[in-house]
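2 protein chains.
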Amino acid sequence: MKIGIDLGGTHIGAGLVNDKGDIIMRETVATSTDHEYTVVLDQIKTLIQKIQVQARNQYTITQVGIGIPGILTRDNTLILECPNLGWKKVALKKDLETLITLPVYMGNDASVAGIAENVYGSTKGYHNAVFMTIGTGVGGSIIINDQIITGVHGVASELGHMIITENYYDCNCGKNGCLETFSSATAIIKLAQQRISEGAKSTILKRASSQLKAINAKHVLDAAIEDQDPVGLECLESLATHLGIAIANLNDILDPEIFSIGGGVSQAGEKLLDVITQAVALRLTYPDIAVPKIVLAKLGNDAGIIGAAYLDQYV
Amino acid sequence: MKIGIDLGGTHIGAGLVNDKGDIIMRETVATSTDHEYTVVLDQIKTLIQKIQVQARNQYTITQVGIGIPGILTRDNTLILECPNLGWKKVALKKDLETLITLPVYMGNDASVAGIAENVYGSTKGYHNAVFMTIGTGVGGSIIINDQIITGVHGVASELGHMIITENYYDCNCGKNGCLETFSSATAIIKLAQQRISEGAKSTILKRASSQLKAINAKHVLDAAIEDQDPVGLECLESLATHLGIAIANLNDILDPEIFSIGGGVSQAGEKLLDVITQAVALRLTYPDIAVPKIVLAKLGNDAGIIGAAYLDQYV
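Chains A and B are the protein sequences, given in the same order.
Note that this note's numbering has the first sequence beginning at 1315, numbered continuously upward.
Note that this note's numbering has the second sequence beginning at 1315, numbered continuously upward.
Check each hint, because a few of them may be wrong.
For identical chains, the list gives no copy identity; a pair is met inside one copy or between any two copies.
Said to hold, decoys possible - 27 Å max Cα-Cα, derived DSS-like pairs, lysine-lysine: (1) K1532 - K1612; (2) K1359 - K1402; (3) K1489 - K1520; (4) K1489 - K1364; (5) K1607 - K1504; (6) K1532 - K1334; (7) K1520 - K1364; (8) K1359 - K1520; (9) K1612 - K1402; (10) K1520 - K1612; (11) K1408 - K1489; (12) K1489 - K1438; (13) K1607 - K1489; (14) K1489 - K1359.
Hints listed in this document are in silico derivations from the structure and should not be mistaken for laboratory results.
Just so it is clear, the structure is predicted and the values come from calculations on it, not from any experiment.
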């Protein structure tokens, strides 16, 4: 049995995960609002100890894995940057190992979600899989020959900042043309707001109670899929086309077996998947030889805990 | 000692390669003009036997490696397509192993060039390296943790057909926006011809003996570097900018230690490298954390033989 920990800016989730990928015990705590490292470290320790107490005499716990919303060193021992928590250069693995008696593994949160899908979800059984999470931004993880590609500086699989083509606004990272400025919740909300501001009629506004600022990605995608709303359809098409370019390029580079699309936006489901699959098909270099499977991710919020528990198998 | 074979549409080169990467014996033959498979197979066998005769009583030959200008199956045992030779689905490895008494390894020619640079050239000592060859088209090879990434269908590292942005002409592959329609010899010749046809004055035309159709990549790059010719500089800038986008994107995806630029265009040397390096620097997602080395390839025409001889170590 392994403990997986999903470390977030608002909550920390911990779970005891069995060898089938089921979470059989679970503990959660609100992340200390000041995000003070030593306080959060203590919170993590307490969560682990609570699970250890419950599991006592029943299960043997062999290790702890933690998904980190930030950048780690190549060997996954040091957190270099953790923007949501305001941390820089913290040795969470080492610090935690001195507090508990178990080995600790760390991994980037997108890597962890990709691992969870590979162990227990949409890419199970595939040795070469790319996972893309489409939410506020775009994250990813790449598994080649059953190993996570972390890169020599620990920042590989940074799929949201691939430059796709020129865009009408810059990315938060300072660059122009990043995938996540086209194919994220943020991007389609911005595009819908822009079109409606320009005078386009749309059911999106009604779905958002006539509040331009209240528009969310679900309003946009529901308008496209349920209402055939032109603005919604333009946003869906833009998201899918640019994601299609990114997937076709990744297919040229890595030629994996499967791509899995997760994150909040993926809840738009089969219609979204169809449009993405068509966009990719138009851009494949070897449509007769190398056509990847493209599927929706299966695991939701539990991916963070499940994937963290299995980190040791992929590093 | 190993034999490396560079199989091309016009010539077949074979060499005996020692463990320092030196070619110590060499044989060449003009490829049979009809490209008939059984004839070329016999030519390859004869080249190998000539080297075996010369090496007899002096060196032990353990294996043969062949660089193939085409697409192989994932396990590198079957040639799926070899456009320059007009071959489809030929079992060169198996056929050759029945004719000679040595194990035969095959690999894509761009992979082979990347291996040669890694064994004996510009990326020696690096475990994670991307090699890009910029000639008539753009090819590439990716080494991650000392292994060539071949992909599940054998077509990974197809770097020339990554879509970079919209272009004014379509690629031979049928897609629009492929890297090699911006950053290849063909692309800069086309752009120079277009500008001169539009009436731009340029020293390129003089270098090409006033023949628009005679313009080659060296004319364009020499005009840029030696004459500061505006058309030449526009072509150089276009090549470097789009290659810069490709390298920055590959850095986001793979985060390797080093990129090596080879092929005919790379003979433009340090000035070309400077412009490419600047183009990449502007587009890095983590300029403080993950800045790759970018270098020129060191090996020229011998890379095909040297890399082929070392194929067994990278598969």
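Taking the hints in turn, this is what the structure says about them:
1. Proximity of K1532 to K1612 under the C-alpha cut-off of 27 Å is restricted to the intra-copy arrangement: shortest distance 19 Å within a copy versus 53 Å between copies.
2. Proximity of K1359 and K1402 under a CA criterion of 27 Å is satisfied intra-copy only: 20 Å inside one chain copy versus 61 Å between copies.
3. For a Cα distance limit of 27 Å, the shortest separation of K1489 from K1520 qualifies neither inside one copy, at 34 Å, nor across copies, at 39 Å.
4. When the C-alpha separation of K1489 and K1364 is checked against a cutoff of 27 Å, the pair qualifies neither within a copy, at 44 Å, nor between copies, at 57 Å.
5. Taking the shortest Cα distances, K1607 and K1504 never come within 27 Å of each other, neither inside one copy (30 Å) nor across copies (36 Å).
6. Taking identical chains as interchangeable, the C-alpha atoms of K1532 and K1334 are never at most 27 Å apart, the minima being 32 Å within one chain and 61 Å between chains.
7. Taking CA atoms no more than 27 Å apart as the test, K1520 paired with K1364 passes in neither setting, with 47 Å inside one copy and 80 Å between copies.
8. Proximity of K1359 and K1520 under a CA criterion of 27 Å is satisfied in neither setting, with 47 Å inside one chain copy and 74 Å between copies.
9. Within a single copy, K1612 and K1402 get their C-alpha atoms no closer than 33 Å, and across copies no closer than 39 Å, so neither meets the 27 Å cut-off.
10. Taking the shortest alpha-carbon separations for K1520 and K1612, neither the intra-copy value of 31 Å nor the inter-copy value of 63 Å comes in at or below 27 Å.
11. For the homomeric pair K1408 and K1489, neither the shortest alpha-carbon distance inside one copy (35 Å) nor that between copies (50 Å) is at most 27 Å.
12. Within a single copy, K1489 and K1438 get their C-alpha atoms no closer than 35 Å, and across copies no closer than 32 Å, so neither meets the 27 Å cut-off.
13. For a Cα distance limit of 27 Å, the shortest separation of K1607 from K1489 across copies, 20 Å, qualifies, whereas the shortest one inside one copy, 30 Å, does not.
14. When the C-alpha separation of K1489 and K1359 is checked against a cutoff of 27 Å, the pair qualifies neither within a copy, at 39 Å, nor between copies, at 54 Å.
The structure does not agree with the numbered hints 3, 4, 5, 6, 7, 8, 9, 10, 11, 12 and 14 stated previously, though it agrees with the rest.
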